[in-house]
Structure formats: C-alpha cells, structure tokens
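Peer 1: Chain by chain, the residues:
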Amino acid sequence: MSGHDHDHPHEHSALSETELRVRALESVLTAKGYVDPAALDALIETYESRVGPRNGARVVARAWTDPAYRERLLCDATPAIAELGYAGRQGEHLVAVENTPALHNMIVCTLCSCYPWPVLGLPPVWYKSAPYRSKAVRDPRGVLRDFGFELPETTEIRVWDSTAEIRYLVLPLRPSGTDGWSEQRLAELVTRDSMIGTGLPKQPHEIA
Amino acid sequence: MDGAHDMGGVAWSDKVRPEPDEPVFHAEWERRAFALTLAMAMPGGWNIDMSRFAREDRHPEDYLSKSYYQIWLAGLERLMLERGLVATAEIDAGQALDPARPVARTLTPDGVAAMLHRGGPTERAATRPPQFAVGARIRAKIIHPPTHTRLPRYVRGHVGQIERVLGCHVFPDSNAAGAGEDPHWLYTVRFDGPELWGEASDPKLVVSVDAWEPYLEPA
Numbered sequence: 006m007s008g009h010d011h012d013h014p015h016e017h018s019a020l021s022e023t024e025l026r027v028r029a030l031e032s033v034l035t036a037k038g039y040v041d042p043a044a045l046d047a048l049i050e051t052y053e054s055r056v057g058p059r060n061g062a063r064v065v066a067r068a069w070t071d072p073a074y075r076e077r078l079l080c081d082a083t084p085a086i087a088e089l090g091y092a093g094r095q096g097e098h099l100v101a102v103e104n105t106p107a108l109h110n111m112i113v114c115t116l117c118s119c120y121p122w123p124v125l126g127l128p129p130v131w132y133k134s135a136p137y138r139s140k141a142v143r144d145p146r147g148v149l150r151d152f153g154f155e156l157p158e159t160t161e162i163r164v165w166d167s168t169a170e171i172r173y174l175v176l177p178l179r180p181s182g183t184d185g186w187s188e189q190r191l192a193e194l195v196t197r198d199s200m201i202g203t204g205l206p207k208q209p210h211e212i213a
Numbered sequence: 002m003d004g005a006h007d008m009g010g011v012a013w014s015d016k017v018r019p020e021p022d023e024p025v026f027h028a029e030w031e032r033r034a035f036a037l038t039l040a041m042a043m044p045g046g047w048n049i050d051m052s053r054f055a056r057e058d059r060h061p062e063d064y065l066s067k068s069y070y071q072i073w074l075a076g077l078e079r080l081m082l083e084r085g086l087v088a089t090a091e092i093d094a095g096q097a098l099d100p101a102r103p104v105a106r107t108l109t110p111d112g113v114a115a116m117l118h119r120g121g122p123t124e125r126a127a128t129r130p131p132q133f134a135v136g137a138r139i140r141a142k143i144i145h146p147p148t149h150t151r152l153p154r155y156v157r158g159h160v161g162q163i164e165r166v167l168g169c170h171v172f173p174d175s176n177a178a179g180a181g182e183d184p185h186w187l188y189t190v191r192f193d194g195p196e197l198w199g200e201a202s203d204p205k206l207v208v209s210v211d212a213w214e215p216y217l218e219p220a
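From first to last, the protein sequence lines stand for chains A and B.
In terms of this note's numbering, the first sequence has 202 at position 197, counting the first letter as 1, and numbering is strictly consecutive.
In terms of this note's numbering, the second sequence has 35 at position 34, counting the first letter as 1, and numbering is strictly consecutive.
Hints were generated in silico from the structure; no laboratory data involved.
It should be emphasised that the depicted structure is a prediction, and the values quoted were computed from it without experimental measurement.
Hints may be right or wrong, so weigh each one.
Derived Cβ-Cβ restraints for the label pairs, each shown as a range [to be verified]: (1) A:S181 - B:E83: 55 to 65 Å; (2) A:C80 - B:P122: 17 to 27 Å; (3) A:G90 - B:E83: 50 to 60 Å; (4) A:R190 - B:Q96: 53 to 63 Å; (5) B:P204 - A:G153: 21 to 31 Å; (6) B:G95 - A:D71: 23 to 33 Å; (7) A:S181 - B:G95: 52 to 62 Å; (8) B:G95 - A:E211: 48 to 58 Å; (9) B:G95 - A:A107: 40 to 50 Å; (10) B:Q96 - A:G153: 23 to 33 Å; (11) A:E76 - B:A114: 54 to 64 Å; (12) A:E88 - B:G136: 52 to 62 Å.
By construction, the Cβ of each residue, glycine as well, lies at the ideal position given by its N, Cα and C atoms.
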C-alpha cells in the first residue's frame, strides 16, 4: 500500500504487535470512560481532510497579492493568519519568515517535531526523521541537495530551530511570470515544502 | 535531559528521504495512537512539556528503534501508568480490570473543534522587564540537567545574538516537572554557522533557537 511499508519491510512484524497494542489500549480506555471513539474519529478526520498545507498556501498567496496583508503577516503572523480562519493547536504563536533573493529560510525542530499544524497540517515522516533533524542545522545546503535543488553559494541560509512554542512558516519568493495571476491560481504554485524551506514554489509551466 | 532526541548536528550520513504523495498516516494504528494521545490529555491532566519528557526520557536504543508514533504511544502509556489511570495488565489483557479513576473531563465529539481551536497558548503576562535587548550578545549556558529542557546541546557554550524578544512564556523545565508554569522571557537567539560548527562550517549559515532567559548569560 504505502511506500513507507515497502521501504521498511523489517518493521512489519513490529507494526503488527503495535497495532494489537493500540487496539487493546483503545478498548481499555473506552471501557473506562476516558475516551469516546467518536471523538477520536473527529480528531483523525480533522487532520486527514480539513487541516493541511492548502491552508498555508492560501496565506502565502494572499501575501503575494496584498501588500498590506504581507506587512501584517510579517509583523505579527498569528492574527494575520487568524484572519483567514486558521488558528489553534500547534499554531498558538506563529511567525512568518520571508525569503528574498539573498536569503533562504528553513524550518526544523531538532528536539522533536514541532510544526505549524493549522497552516501545514501534521508533519511528514522525513521532517520527524533523524537525518533531517540532525542535518538541517549543520548542513542545510546538503538537505536541499537531498530534495534535488542547489542554492547559490552567495545566498545566506537561515535555519529556524523550533525549540519553544513559536511555530514558523516560510513565505517563499513569488515565481516570476505570474503577473496578474489571481490569489487562487497563485495558491496552486505553493507547495508544502516551499513553506518549510526544503523546496521552492512550482513554476507557472508546472501547473496546467 | 541529554537524550537521543536532541539530534541537532549529529553526524547521520543518511540522506533525507522525502516520500512522494505521502499520506497523513501510514497505518490505521497511527491514526488511533495520534487521536488517543490528543484525547487523553484532557482526562489525564498532563501538559505538553510532561508529554514531551515522557517520550524523550528513555534509553537511546529504545528511542532510536521506535517509529515516531511508537514513541508517542510509549509516552502515553507512561503518563497513564504513572497516574494509575491504567495498569500494564489491562493493556496486556485488552480489557479493563480495575475501576476507572475519576477524571475531571473527557473529550466529547462536539468538543473536538473547540479544543483544537483553543490550543494551548504559552504566553503569560510579564512581571518583570526582559534582561536582554535586541542585539545583545549572549552565551547559551553549559547545562546538563537530568530533567526536561529545551536548550539543545549544539548551542550550549556558544555565543549568539538576541534577534527577537518573544514575550514571557511558560518555562518547560519547570512545567514538565509539575513545578508550575514559572514563565520567563523567551528570545530568538541567532548563531553564526562557524561559531557552532567551526571553520568547516558554511560561512553563509545562520541558525537560531528560541531560548528562555534562564538558558542565557551575557557574553
């Protein structure tokens, strides 16, 4: 089914054991009245279908088209992002950091996996992995090469390690050749990785 | 605690491997473990710093051999066992053997959206002015507490500069131990790459951490 399982066949039996344990745990906690399985379903549904990087893409596209919004976003991101309806858990205190031709920003949490949930959803496996958490603060250009792109040597690279409850969002550079584009169309260019700093927005020719 | 979770700068040779079209969860048990962890914080009464410490305070071999949600699961079990909410025998048996502990609140389906929207803001009213101003040169203290801390090893002892003053925030070192929120001023502190990694460092690298005042001293 998933590429992850194919990549780690040795984990298979361990996963089955874990699966049984989680089922047992849910049974016990439900029987004791501590959890309601319907509330668990609602939590899962929220992060599988409602909260994800499309939220962040709307924020970025708004900042690209509305200079006053961009100003508010860079000055105090939490209320600016709340204007679009995104707020709450793991996004209580948000900061947006802007890429420029001379500066590239990258977000990491070396200690665990802190990530701006309201705008990006739950973090991907690689973001939580040891190679990313170790390498991002020491060799971020190497990380970018793992993602398939090279940053010019003259570009300053700034890594934000999310060690407190401040959550970061990268405001990437608007691709050229998009003059006059609507906010909605621009949002299609904004990838999740471009808002973490491990990627760039798509180019106009990459979307139909 | 100097644990395996504190990974910044460790020389892993593996590449970062992005997964094309990655799903939010990779198995049904991950969905349930994620949701159980979020839902149990309400009846359990623990805070996010206690949760982090329960995940991280384990033998490096144990931490590194578990997948991300396996670590969450182990942390959740520990928090519940410590408070007598469940017994190991119950998890092994897959059924409740002892009466439930009385709990103040549980998460209802109708309460999910409000709980997520509320989140857990950590900024508190300041009772004193910040010790450091933007631009001040500081040194991250060399500390190795056996308890929870959010000062990563790779910056300890190094000189940086205050870049932003972020307000007064709940202090994890205290909050994780159940010793109260003890809010302190929080700063974004920037370090030049060569200060952290020596002459071999990328000269154009700047790394920042968010650090509470007790982690810092004037340089």
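Peer 1: If a hint holds in the structure, say so; if it does not, say that too.
Peer 2: Taking the hints in turn, this is what the structure says about them:
no. : hint                        : result
1   : A:S181 - B:E83: 55 to 65 Å  : holds, 56 Å
2   : A:C80 - B:P122: 17 to 27 Å  : holds, 19 Å
3   : A:G90 - B:E83: 50 to 60 Å   : violated, 38 Å
4   : A:R190 - B:Q96: 53 to 63 Å  : holds, 55 Å
5   : B:P204 - A:G153: 21 to 31 Å : holds, 24 Å
6   : B:G95 - A:D71: 23 to 33 Å   : violated, 54 Å
7   : A:S181 - B:G95: 52 to 62 Å  : holds, 59 Å
8   : B:G95 - A:E211: 48 to 58 Å  : holds, 49 Å
9   : B:G95 - A:A107: 40 to 50 Å  : violated, 58 Å
10  : B:Q96 - A:G153: 23 to 33 Å  : violated, 50 Å
11  : A:E76 - B:A114: 54 to 64 Å  : violated, 30 Å
12  : A:E88 - B:G136: 52 to 62 Å  : violated, 31 Å
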